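Student: Using the hints provided, position chain B relative to the given structure of chain A.
Line by line, the protein sequences give chains A and B.
Per full-length UniProt numbering, the very first residue in the first sequence carries number 1; after that it's consecutive.
Per full-length UniProt numbering, the very first residue in the second sequence carries number 1; after that it's consecutive.
Just so you know, these hints were derived from the structure itself, not from any lab.
Small disclaimer: the values here were computed from a predicted structure and weren't measured.
The beta-carbon is built from N, C-alpha and C at its ideal position, and this holds for glycine as well.
It is possible that some hints are incorrect.
Label-pair distances were calculated between CB atoms; the ranges are [unchecked claim]: (1) B/T126 x A/R14: 21 to 31 Å; (2) A/R131 x B/A58: 47 to 57 Å; (3) A/R84 x B/S52: 53 to 63 Å; (4) B/Y362 x A/R14: 51 to 61 Å; (5) B/S93 x A/L5: 43 to 53 Å; (6) A/D113 x B/V49: 50 to 60 Å; (7) B/A276 x A/G82: 30 to 40 Å; (8) B/A276 x A/P112: 39 to 49 Å; (9) B/V49 x A/P112: 50 to 60 Å; (10) B/K215 x A/R47: 40 to 50 Å; (11) B/W61 x A/R14: 35 to 45 Å.
So the derived list for chain B, only partly shown, Cβ under 8 Å to chain A, looks like this [what the hints assert, rightly or not]: (12) F77; (13) F107; (14) Q119; (15) A134; (16) L141.
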Amino acid sequence: MFSLLSDQVPLARRRRLLMLTILAQVLFIVAVAAAGYATTAYGRTIRLRTTPIDPRDLLYGDYVILNYTISQLPASLWREPGPRPRRGDPVYVVLRPAGEAYEAVRVYAKKPDVPADQVVLRGWVADGWRRTLRIRYNLERYYVPEGTGRELERRGARKPLLVNISIAPWGQARITGVKTIVSDSLATPRR
Amino acid sequence: MSRKLLETDGPDWVKRGIISSEQHRQLLELYPDDAQAIGLLPLLGSLLVGLSALSLVAANWQGLPEWLRIGLLLGGFLGAYASGEFFLRRGNSSVGMGLVGLGLILFGAAIILTGQMYQLIGYDVTGLVAWAVAGTLLTYLYRSRFLFVLTVVIGGVVQGYTTGQLGAFSYAAAVLTAGGLGYYWWRRPDVVLGGVLASGLLWQTGLLIGHLHAKITWFFVPAMLIYAAGDWQTDRPAGRALQGPPLITAFLFMLGLALYGEVGSYAGMLRPPLLAYLVALLLVLALSLTGKRTRDRMGSATDWLLLLPGFYLPGGLPLAVASLVVLYAYSGAVLWRAQAEQNPDRVTLGTILFILTTMVAYFKLTWEFMDKSLFFLCGGVLLLGLSWYLRRRNARASSR
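Here chain A stands alone, though its shape is the one from the complex (with noise of 0.2 Å):
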């Protein structure tokens, strides 16, 4: 590539190289688009509860920060010998189905093998304290269609929301939808 700055490289060359590129940059977008519709199409979708947050620090323009009952968990889910994880180490969280939504239940370093009715999710130590453990999924921000984000704002500060996940085989995870749970849609209208 460092030869290209000389004058002598013939336009041929050049064209060439120039198509490359942009082939790769068409690529690039469609392999980013084929792994967020293969997460969805060869994924497990499960649902995940957040807890009601303050409404102000919610809506960061076109997307909404979510907060998980599984972001946060008891210390006491740590499953594996010798010291605590530190920040920033990925960890493995098996979740159960609960009610509407999954729950965590344990928590390990590697990835462990489940029964058919439970699934496993990654995560990175956000902090660690003594009887909590913060985890990170990356599924902490829903960008939303336009406009409609004060909307879910609004709902998402009386009621926790129920996210639908996808995981895919390979460990991948995805937003696919976020709703308020079915109950609340009965409720009297609002201000």
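Tutor: For chain B alone, kept in the frame of chain A given last:
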């Protein structure tokens, strides 16, 4: 010489007998007209059509099926690249490069929008680094200064987003800017690009220092490494341009230290472990001096006066005085060199730095001890006297 000058002043030269009209014609032939500029009206018209298409798409974005959205994003940047290439082949390089740059920006937009569509972006910097990679490759392929500047900006934006939003530092983006664009500048030295590159690298350095929560003075080790690279550059003006931003930050830092250095909390962020800091700085100094010697520019070694670590003195007055000494040493050295080289631009620069330093020194050392009106009176007299003296010396230097 520009064609414009030949066209306007040429007939006059012919009239005065400086050149013959035949020579005038030959000279005009040497500077052919730029390739036919395309009409402004069709350009504006197509811009409006493009804008209407854009707003139509933006208004219905959510309603469009995913494959169509991806198709539009791909079509957007491919179309811009293709039309850029079209104009370049017709010899209209400014419009052509502008469109290629637009294509690069649209590629970045495509990365972000595709990521949002699948809720993927926001965590992963790979996509954004790919944007900077594309910019670097296109800069090499087109050998375009415009794309170079654009890629420096993209690198800065990517790094800002990574540290600000994701709480991480993308070493890949930093290496790409320093290595990829740095090598380009090294091989094709340029004054403007040197300044832009150094500013972009300093921005990323600042973000790194903030991200690592390191003592802020560590900033000057990488900053002076950029400076040292300028010493090794064979093209003197381009090397000087690369050295400008590091020197400016060092000067402003010292100025700030002289003004606010006595605040204890601020002084606490200044002092890295003495030995480690000095060793690192001395290594860079050695590298810089070797470069200066090899390229025969030892005169500029006085730049390093700005890096005297006066901030190891205890906070309060000693710190302020130490930084003032450093500032005076530097601006004095600039003036002295300007006199020696009889360089009027540098005399102006040295004068400005000297006056700035004097203002700070005066403000710092007398504010607390003097009545306010007396303070302003003395300050005004001091500045007037100083400028009179410097201007006189200036005039003498340029008349000699």
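Student: All hints, please: hold or fail.
Tutor: Hints, one by one, checked against the model:
1. A hinted range of 21 to 31 Å holds for the C-beta pair B/T126 and A/R14, which are about 27 Å apart.
2. About 48 Å separates the C-beta atoms of A/R131 and B/A58, a value consistent with the hinted range of 47 to 57 Å.
3. Take A/R84 and B/S52: their Cβ atoms lie about 59 Å apart, and the range 53 to 63 Å holds.
4. Judged by the Cβ atoms, the range 51 to 61 Å given for B/Y362 and A/R14 holds: they are separated by roughly 59 Å.
5. Distance hint for B/S93 and A/L5: a CB-CB separation of about 18 Å, inconsistent with the stated range 43 to 53 Å.
6. Against the hinted window of 50 to 60 Å, the Cβ-Cβ separation of A/D113 and B/V49 comes to about 59 Å, which satisfies the hint.
7. A hinted range of 30 to 40 Å for the beta carbons of B/A276 and A/G82 is consistent with their spacing of about 33 Å.
8. Range check, B/A276 to A/P112: about 44 Å between beta-carbon atoms, so the 39 to 49 Å window is met.
9. Look at B/V49 against A/P112: about 58 Å separates their beta carbons, and that is inside 50 to 60 Å.
10. Distance hint check: the CB atoms of B/K215 and A/R47 are about 47 Å apart, consistent with the given range 40 to 50 Å.
11. For the pair B/W61 and A/R14, the supplied restraint of 35 to 45 Å holds, since their beta-carbon distance comes to about 36 Å.
12. Hint status for B/F77 relative to chain A: holds, with the closest Cβ pair at about 7 Å, below 8 Å.
13. Taking 8 Å as the C-beta contact cut-off toward chain A, the hint placing B/F107 at the interface holds, the least distance being around 5 Å.
14. Annotation: B/Q119 was flagged as interfacial toward chain A, and the flag holds, the nearest CB pair being 4 Å apart, inside 8 Å.
15. Among the interface hints, the one on B/A134 holds; its C-beta lies about 5 Å from the nearest C-beta in chain A, closer than the 8 Å criterion.
16. A least Cβ separation of about 5 Å between B/L141 and chain A falls short of the 8 Å threshold, and the interface hint therefore holds.
Going through the hint list in order, the structure does not satisfy hint 5, though it satisfies all others.
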